[in-house]
Amino acid sequence: MSPIPRRSLLKAAAVAGAAAQFSWVLGAKDAQAAPRAAAADGDPVTLDWLEDGGLGAAPGSTLGVPWPMGTYQEDQTFALTDAEGTAVPVQSWPIAYWPDGSLKWTAHAVSSGSGKLTLTAGDTAAPEKKVTVDKRGGTIGVSTGVITAKIGKNGSTLIKSVTRGSTEIAKNGRLVLIRQPEIEDEDQGAVKTERFDGTIGEVTVEQDGPVRAVVRIDGKHRKGGRSWLPFSIRLYFYAGADSFRMVHTITFDGTVEPGKASGDFIRGLGVRFTVPMRDAAYDRHIRIGGEGTGLLREAVQGITGLRRDPGATVQAAQYAGQKLADPSTWDQRVTSRLQYIPKWGDYTLSQLSADGFTLRKRTTKGYGWIPAGGGGHASGFGYVGGASGGFSFGLRDFWDKFPAQLDIRDAHTDEAEVTLWLWSPEAQPMDLRFYHDGMGQDTYAKQLEGLEITYEDYEPEFGSPYGIARTSELLFWANESTPSAEVLAQQVDAVRVLPQLAAPPAQLIKSKVFGPGLYSEPDRSTTAKAKIEDHLDFLITYYKDQVAQRRWYGFWDYGDFMHSYDTVRHQWRYDIGGYAWDNSELSPDIWLWFAYIRSGRSDIFRFAEALTRHTGEVDVYHLGQWAGLGTRHGVQHYADSAKQQRIANTTYRRYYYFLTADERVGDLMAANVDSDETFLVLDPIRKIRTAPYTPDRHALSIGFGTDWSGLVSAWLTEWERKGPKWEKAKARVLSTMETIAAQPNGFVQGSGLYDLDTGKFAVASAPVVSVSHLSAVFGLNELCAELIYLVDMPKFKEVYMDYCRYFNASKTEQAARYGSNFGTLLLFQGHSRLDAYAAVQLDDATLAKRAWTKFYSSDGYMESSPWKTEPLTGPVTLVPGSEAAWVSSNDTALYGLAAIENLALLGDKMP
8 MSPIPRRSLL KAAAVAGAAA QFSWVLGAKD AQAAPRAAAA DGDPVTLDWL
58 EDGGLGAAPG STLGVPWPMG TYQEDQTFAL TDAEGTAVPV QSWPIAYWPD
108 GSLKWTAHAV SSGSGKLTLT AGDTAAPEKK VTVDKRGGTI GVSTGVITAK
158 IGKNGSTLIK SVTRGSTEIA KNGRLVLIRQ PEIEDEDQGA VKTERFDGTI
208 GEVTVEQDGP VRAVVRIDGK HRKGGRSWLP FSIRLYFYAG ADSFRMVHTI
258 TFDGTVEPGK ASGDFIRGLG VRFTVPMRDA AYDRHIRIGG EGTGLLREAV
308 QGITGLRRDP GATVQAAQYA GQKLADPSTW DQRVTSRLQY IPKWGDYTLS
358 QLSADGFTLR KRTTKGYGWI PAGGGGHASG FGYVGGASGG FSFGLRDFWD
408 KFPAQLDIRD AHTDEAEVTL WLWSPEAQPM DLRFYHDGMG QDTYAKQLEG
458 LEITYEDYEP EFGSPYGIAR TSELLFWANE STPSAEVLAQ QVDAVRVLPQ
508 LAAPPAQLIK SKVFGPGLYS EPDRSTTAKA KIEDHLDFLI TYYKDQVAQR
558 RWYGFWDYGD FMHSYDTVRH QWRYDIGGYA WDNSELSPDI WLWFAYIRSG
608 RSDIFRFAEA LTRHTGEVDV YHLGQWAGLG TRHGVQHYAD SAKQQRIANT
658 TYRRYYYFLT ADERVGDLMA ANVDSDETFL VLDPIRKIRT APYTPDRHAL
708 SIGFGTDWSG LVSAWLTEWE RKGPKWEKAK ARVLSTMETI AAQPNGFVQG
758 SGLYDLDTGK FAVASAPVVS VSHLSAVFGL NELCAELIYL VDMPKFKEVY
808 MDYCRYFNAS KTEQAARYGS NFGTLLLFQG HSRLDAYAAV QLDDATLAKR
858 AWTKFYSSDG YMESSPWKTE PLTGPVTLVP GSEAAWVSSN DTALYGLAAI
908 ENLALLGDKM P
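Here the working numbering = 1-based position in the sequence shown + 7.
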């Protein structure tokens, strides 16, 4: 596919936190929500786990379930039962509403279950052991009925203690940051570091039971008078659980400058606990996860493998993690010499690449380390404790988001210390400096020339990481004794793949969420349908395989994939400007989520989940002058100077949020409600403008495609969720729909002058034809399908139907309708889904036929494309694998969405 031409608009940004007070008005009387739907009976919904094994050792699971409009009202209660009809405790709450006020999405939290569960309207069963929250005093106490956590309200100790019964299992839970102020590129100089401790700024109880409690902790890392690297921690507790989950987010606000060796380089980033050790050294146990559910299983003072045998029963008991009989009952040749058996207090597992980990141990600080093993993909799991209780811990995506590390220290003393390093201090410092010196591109003219050769839109000081974020997930268990091997394996499994309960595709389709009619369950009933399903499966498999083969892993990179392929080097263009990381270009996020919601496949869910966690955090700014904007595709996720609304698009987060009720993703969506303010600061077309320009808050040029689709998605989501600004958001949805519809040429007008205070576009006095091939490929069709279903505004539907009808029309037809044609366009295959949508809405057989014609024989992937990979081996490639040199991520996203939507809309009208 030909490279996409230069973007015509570069979005502006506003300083984070500088939210102003706004006035707004509702749309005109014809801009209103659709009328209330007739009441409907809610059928039972069968919920199932994405993977086998049910909840396992995880503390709990939360999912979202959609309902057809009018089915249930806000005060509806829900009941959950297992396969035997036994009531399962569930906590339910609304997370979205239809315009008529009925429930659109509800969230449901469970803390038990291994098989399919049935959700119905009914009386909610209370858990035998409820989660309770006590806010009195200097801590917040959360009890699951099995364990109790005391959460700090200030200071540097986030979790003061975790107890089980009367036994303190862990304490002093805290955040650790190591800063290295200088990087030496070679072997000169001395490395100096300094430690910062996470300091609490605010604590909020977001839920308080009875099945699920959530506590949020916000703050910064501090040393002396300096505080930086903001963090947001959420702690999740479930009824009856002996464990809890932590969702850990950091936002980078340090200083790093290209070409300078000094700056804020993160050398280590971790979560640390102290673990009381009460048992004799031979009754203290270490468990560290390796490959699969593999474990290093040792005692601090081992009595196996010695020259003298204490007895087979004693050895077996220690290996199993059981309390040993009194040493006086052992073979006395061992008992009398216990003091001569080393006590191993320190262990470290380092995963410094996606390809391997190493494990080592030592007796104590000041003495030499010895190797204790290694392997490929460590689970990120560990345990330290003994017969009287112990602490299990795990970091999700441990090897995928290398460099990561687990440390156990001082296990031979009264207090062990465990640290889960999200960034290993043994790795190179986190270097977020921009990757080149600008190569003389000090004028707009030179930057445009650079764009012509590397496809990178460079501008000095724009390749900044200031304000990007990353979220990690951790699990912790307070065990009454050292767990058995079977229980440990369950804990490892929970760390590797967090169990997730899910509603079936049929319920999403029935509920008409995410664009009514745009997706359907896979259907192989005809040869033509089966071929397309095969192609869709091929693309999913290929990208999953390429992630592994090309090692698209790492703390900042995991979840994303590359944009374009270099057929000469047999390599994705990882080092070439705008052809490197994809950064949500042309909506691969929607492709993957549509692929999941139509199929229910767990592998697609996990692939899409990783992408959402990445694109919503790393590719978007959360602080600073570009807060609310994302960065166009590039060599580094923040490198390109095009800071754009389309990458921060709330549409890309909606799927994961509504399917899981994930609060962090909810934060990201809520932060975008006022993102229309981002158009104030920078001139969006500064590099090609010839006259002076100052943005005017009453007349901001905003496009009806990539710009408005991102804005209206945030407003729609806030309205549906009834967030703090939902009334303003609703007004913005309706008023912008109304004033786009009122333009002389509707969507074909291209853009309008937007008033931040009224939330309306000025209606142009004269028609203009301004159509871009990019306008509809960042979620516009999917959003308009939702809006047309939600809002009764015939004129809006009319102008969108016109856009759909004429994009893929002939130039003669375009000129006949609008007075001039649309010029040179691309991406016809991707736009065939607009033909299909309009064909159904208008009952137009000619459009239906054109949809399939454009899908099969315009651009993008053809039936004649190879649809296979070719093997790669040395010396033409770094590692053995495969390639499909004809694949590009732009074409993949467009084909995937067009195939899914066309099959759903016009599967019965295929040629």
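Think of the hints as simulated: they come from the structure by calculation, not from any bench.
You may find that some hints are simply not true.
Unchecked claim - No farther apart than 30 Å at their CA atoms in a straight line, the calculated lysine-lysine pairs in the BS3-like style are these: (1) K856 with K875; (2) K178 with K350; (3) K729 with K818; (4) K350 with K227; (5) K160 with K136; (6) K267 with K230; (7) K856 with K916; (8) K160 with K729; (9) K729 with K802; (10) K804 with K818; (11) K818 with K735; (12) K804 with K916; (13) K732 with K818; (14) K350 with K330; (15) K142 with K123; (16) K227 with K199; (17) K875 with K732; (18) K178 with K123; (19) K142 with K818; (20) K517 with K729; (21) K453 with K167; (22) K123 with K167; (23) K199 with K142; (24) K856 with K517; (25) K267 with K875; (26) K536 with K519.
Claimed, not checked - Pair by pair, the computed Cβ-Cβ distance ranges are: (27) S173 with Q346: 48 to 56 Å; (28) K551 with W376: 51 to 59 Å; (29) E189 with G301: 36 to 44 Å; (30) K551 with R696: 54 to 62 Å; (31) R696 with A769: 15 to 23 Å; (32) E213 with M446: 16 to 24 Å; (33) K160 with K330: 51 to 59 Å; (34) S871 with S817: 44 to 52 Å; (35) T420 with G299: 52 to 60 Å; (36) T200 with G373: 50 to 58 Å; (37) K330 with P878: 37 to 45 Å; (38) A535 with G208: 42 to 50 Å; (39) S173 with D204: 43 to 51 Å; (40) T127 with G208: 52 to 60 Å.
Positions of the beta carbon are idealized from the N, C-alpha and C atoms, including for glycine.
Hint-by-hint comparison with the structure:
| no. | hint | verdict |
| --- | --- | --- |
| 1 | K856 with K875 | holds, 28 Å |
| 2 | K178 with K350 | holds, 23 Å |
| 3 | K729 with K818 | violated, 44 Å |
| 4 | K350 with K227 | violated, 37 Å |
| 5 | K160 with K136 | holds, 25 Å |
| 6 | K267 with K230 | holds, 23 Å |
| 7 | K856 with K916 | holds, 8 Å |
| 8 | K160 with K729 | holds, 29 Å |
| 9 | K729 with K802 | holds, 26 Å |
| 10 | K804 with K818 | holds, 23 Å |
| 11 | K818 with K735 | violated, 40 Å |
| 12 | K804 with K916 | holds, 23 Å |
| 13 | K732 with K818 | violated, 43 Å |
| 14 | K350 with K330 | holds, 17 Å |
| 15 | K142 with K123 | violated, 36 Å |
| 16 | K227 with K199 | holds, 22 Å |
| 17 | K875 with K732 | violated, 49 Å |
| 18 | K178 with K123 | violated, 37 Å |
| 19 | K142 with K818 | violated, 67 Å |
| 20 | K517 with K729 | holds, 23 Å |
| 21 | K453 with K167 | violated, 57 Å |
| 22 | K123 with K167 | violated, 37 Å |
| 23 | K199 with K142 | violated, 41 Å |
| 24 | K856 with K517 | holds, 26 Å |
| 25 | K267 with K875 | violated, 46 Å |
| 26 | K536 with K519 | holds, 22 Å |
| 27 | S173 with Q346: 48 to 56 Å | violated, 31 Å |
| 28 | K551 with W376: 51 to 59 Å | violated, 37 Å |
| 29 | E189 with G301: 36 to 44 Å | holds, 39 Å |
| 30 | K551 with R696: 54 to 62 Å | violated, 44 Å |
| 31 | R696 with A769: 15 to 23 Å | holds, 20 Å |
| 32 | E213 with M446: 16 to 24 Å | violated, 48 Å |
| 33 | K160 with K330: 51 to 59 Å | violated, 37 Å |
| 34 | S871 with S817: 44 to 52 Å | violated, 24 Å |
| 35 | T420 with G299: 52 to 60 Å | violated, 32 Å |
| 36 | T200 with G373: 50 to 58 Å | violated, 19 Å |
| 37 | K330 with P878: 37 to 45 Å | violated, 55 Å |
| 38 | A535 with G208: 42 to 50 Å | violated, 58 Å |
| 39 | S173 with D204: 43 to 51 Å | violated, 29 Å |
| 40 | T127 with G208: 52 to 60 Å | violated, 42 Å |
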